[in-house]
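**Student:** Sequence:
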Amino acid sequence: MSNFPQPGDQHPDRDPAAPYSPGQAPVPERGGEYPPTSEFPATPPPDQVNYAPPGYPPDYGPGYPPPQGPPPPPAPPRKSSIPIIAVIVAVSLLLCGGLVTASVLAVRNVTDRAKEASNPFDNLPTQAPDLPGLPTNIPDVPGLPTGLPTGAGRTVTVTYEVSGDGTAEILYLTKLGERPKVAENASLPWRFSADVQTPVLVSVTATRTGTSQGSISCRTLVDGKEVKKNTSGPGSIGVTAVCAHLTLD
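Oh and the sequence shown: position 64 is 63 in numbering that gives the first Met the number 0, straight run, nothing missing.
Derived by calculation from the structure, the hints in this document are not laboratory data.
Misleading hints may appear alongside valid ones.
As the list claims (entries may be wrong) - Simulated crosslink set (DMTMM-like; lysine to aspartate or glutamate; CA at most 20 Å straight-line):
| hint | residue 1 | residue 2 |
| --- | --- | --- |
| 1 | K174 | D164 |
| 2 | K174 | D194 |
| 3 | K224 | E177 |
| 4 | K180 | E160 |
| 5 | K174 | D111 |
| 6 | K224 | E168 |
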């Protein structure tokens, strides 16, 4: 038979005042009824519950505030404009300093130039230098020749001859310093004689005016003596022969 106490045993042989040992606690006696519990509030009927439409927060009824949303994010820190102002002030000071320095240098330069201009010129010569004397032994100028011809010279006979084919335009001189005379469309051969005084330029120029091929010749004579002769060609219009000679006496 087991030594464990059976339910319903009152342990009459144990002293109620003695301390309990582990594993030997008495079973508590069943007392009276449990105290009454508090009642929950009554649930409203379904027709009185406020349901929110879709997309809106639910209506929790009176006495219950709606749930609070998340707190707003903190404001970003405000940027300070002090560095920009400091940079502007520094640049302004540098510019002002450069302008002041340039102005001071310019004023100093102008002042130095004014002082140099106002100083009297030094080391100026006080006596005029001696000029070298003019030469006194000027050589004698040789005398001019005395045997030069004076006035008109002697009279000579000048003869111009032009020969060739067809016609020609002829220019000739009869006196030194005058304009030449012209014989237009002169038939060849052509001859002219005149008495002139020396000095004289004996000159004749003959140009063919015909279109046929041919040659042209000129000849000048002084007192019957030939002094110049020339021939040009063959050719057509424009072929020219010139004879010129200067006769002094």
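**Student:** Hint by hint, note whether the structure agrees.
**Tutor:** Hints, verified against the model:
Note on K174 and D164: the hinted pairing is violated, with a Cα-Cα distance of about 29 Å set against a maximum of 20 Å. Only pairs whose Cα atoms come within 20 Å are accepted, and K174 paired with D194 is accepted, the gap being roughly 10 Å. For a cut-off of 20 Å, the pair hint linking K224 to E177 is broken: about 24 Å separates their Cα positions. Between K180 and E160 the alpha-carbon distance is near 15 Å, which keeps this suggested pair within the 20 Å criterion.
Pair hint K174 plus D111 does not hold up; C-alpha atoms about 81 Å apart against a cutoff of 20 Å. Taking the CA atoms of K224 and E168, the gap is about 25 Å. The hint is violated against a cut of 20 Å.
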